[in-house]
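If you're matching them up, the sequences are chains Z and L in order. The first sequence begins at 1 in this note's numbering and counts up one residue at a time. The second sequence begins at 1 in this note's numbering and counts up one residue at a time.
In case anyone wonders, no lab produced these hints; they're calculated from the structure. Values in this document were obtained by computation on a predicted structure and should not be read as measured data. Just so you know, not all the hints are guaranteed correct.
As a list, the in silico DMTMM-like pairs of lysine to aspartate or glutamate whose alpha-carbon atoms are at most 20 angstroms apart [said to hold, decoys possible]: (1) Z:K92 to L:E184; (2) Z:K92 to L:D181; (3) L:K73 to L:E113; (4) L:K73 to L:E144; (5) L:K43 to L:E24; (6) L:K43 to L:E184; (7) Z:K24 to L:D10; (8) L:K73 to L:E157; (9) Z:K132 to Z:D120; (10) Z:K167 to Z:D35; (11) L:K43 to L:D172; (12) L:K73 to Z:E70.
Residues from chain L that keep clear of chain Z, each with C-beta distances beyond 12 angstroms, as calculated [said to hold, decoys possible]: (13) R12; (14) D23; (15) A125; (16) N126; (17) E147; (18) P159.
Which stretches of chain Z does chain L cover? Using the computed rule of at least three CB atoms under 8 angstroms from a CB of chain L, they are [what the hints assert, rightly or not]: (19) 55-61; (20) 131-143.
Glycine residues also receive a C-beta, built at the ideal position from the N, C-alpha and C atoms.
For reference, the chains in residue letters:
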Amino acid sequence: MTADHPHAEWSGVMFDLFREAGVKLFTHVPDAGNDQLIQLAEAHNETRTVLLTTEEEGVAICAGADLVGERAVLCMQSSGLGNCPNYLSLAKGARFPLLMMISMRGDYGEENPWQYPMGDAVEALLETMNVKMFKVEHRDDMEKAIRAALGATGNGAQAAAIVLSQKFLGAKGF
Amino acid sequence: MAKAPNAKIDRRELLPQLFPTPDEWLFVSGLAGASRDAAALTKDGGNLYTMAGAMGAAVPMGLGVALSAPDRKVAVINGDGEMLMGIGSLVTVASAAPANLTIVCEDNAMHGETGRQTGHTASMANLEMIAKGSGIASTLTISEPGEIAQAAAFIAEAPGPRFLVVRVLPTDPAAYRRNMDMAECRVRFRNAFMAGG
Numbered sequence: 001m002t003a004d005h006p007h008a009e010w011s012g013v014m015f016d017l018f019r020e021a022g023v024k025l026f027t028h029v030p031d032a033g034n035d036q037l038i039q040l041a042e043a044h045n046e047t048r049t050v051l052l053t054t055e056e057e058g059v060a061i062c063a064g065a066d067l068v069g070e071r072a073v074l075c076m077q078s079s080g081l082g083n084c085p086n087y088l089s090l091a092k093g094a095r096f097p098l099l100m101m102i103s104m105r106g107d108y109g110e111e112n113p114w115q116y117p118m119g120d121a122v123e124a125l126l127e128t129m130n131v132k133m134f135k136v137e138h139r140d141d142m143e144k145a146i147r148a149a150l151g152a153t154g155n156g157a158q159a160a161a162i163v164l165s166q167k168f169l170g171a172k173g174f
Numbered sequence: 001m002a003k004a005p006n007a008k009i010d011r012r013e014l015l016p017q018l019f020p021t022p023d024e025w026l027f028v029s030g031l032a033g034a035s036r037d038a039a040a041l042t043k044d045g046g047n048l049y050t051m052a053g054a055m056g057a058a059v060p061m062g063l064g065v066a067l068s069a070p071d072r073k074v075a076v077i078n079g080d081g082e083m084l085m086g087i088g089s090l091v092t093v094a095s096a097a098p099a100n101l102t103i104v105c106e107d108n109a110m111h112g113e114t115g116r117q118t119g120h121t122a123s124m125a126n127l128e129m130i131a132k133g134s135g136i137a138s139t140l141t142i143s144e145p146g147e148i149a150q151a152a153a154f155i156a157e158a159p160g161p162r163f164l165v166v167r168v169l170p171t172d173p174a175a176y177r178r179n180m181d182m183a184e185c186r187v188r189f190r191n192a193f194m195a196g197g
């Protein structure tokens with residue numbers, strides 16, 4: 001965690017909101033968009049991180065945490081959502097209230113053509129697997145989106161994803 | 001028909017010997033025969049979450065339970081096909097290193113649910129070596145009924161996480177009809193856990 005990192009301010013706010021809501025397990029496939037958040041979760045003594053080999057593992061780990069009444073989050077890049085649909089049966093069929101934090105690739109300002117196919121599919125994929133989407137385009141949207149996702153996955157008993165667009169993250173530096 | 005090399009263990013007699021006090025455990029089981037065997041063990045109890053889809057998810061789900069309930073003993077029961085579909089999760093388990101997690105893989109070297117097609121472990125893949133290479137220090141493979149007591153001691157005493165491969169005969173799993181309502185079973189597990197079960 002570096003104070004002058006462009007994601008430091010909002011990552012700190014996001015981490016505090018997650019932690020206050022009782023999120024203890026931060027599962028992740030490393031990405032520039034979740035790097036600062038994961039560093040905060042590693043440093044804090046009430047939270048722990050789990051490095052995944054592939055994103056769908058995080059879906060199952062979060063479901064396992066829910067079985068014993070704990071909260072967890074899956075942090076990943078949008079391309080990784082493409083690895084998840086079969087495991088999202090746990091959201092759609094079993095109604096596990098999965099919480100995801102997705103940093104977008106393949107949208108605003110993307111220069112890597114490999115990122116567009118999955119980036120373009122994120123919205124439809126989440127919808128088809130019954131995961132509510134709360135998108136963050138601007139810094140002012142963020143707290144509301146996070147609170148909405150925490151509410152949905154809390155008392156709402158509904159899977160939800162906070163989707164951070166590249167307009168918000170900045171396409172540069174990836 | 002495929003047959004696991006040297007396998008002499010009847011899967012229906014395995015789990016009660018490995019887990020003589022199943023009420024002390026939290027179980028997650030993967031499709032398909034593994035979940036029937038686990039349901040027979042617990043009488044489809046509230047301390048078991050069985051799956052019949054999301055193939056490969058049993059180990060990471062068990063990992064999520066183990067990390068979130070560190071004071072409880074957690075076991076994943078799965079088969080070789082399910083294990084291989086989520087094989088990377090062994091790497092994740094090794095890195096996360098939950099001392100309270102045991103994985104039991106009933107390896108019949110075939111895809112029993114879909115027509116008994118030959119699986120990778122029939123002649124080539126070695127699950128214990130994969131687990132060891134992933135970084136799981138406590139591993140064991142058994143194939144004889146006389147080794148089951150040793151495997152039970154391994155589960156009770158070896159430092160976790162533990163990975164046990166049991167080479168089983170190509171016999172049918174337990175004929176136990178479990179609750180297949182995946183949402184209802186989630187609530188059942190949570191309620192049993194909150195009640196201290």
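Quiz item: Going through the earlier hints one by one, which of them does the structure break, listed in rising order?
Solution: 3, 4, 7, 20
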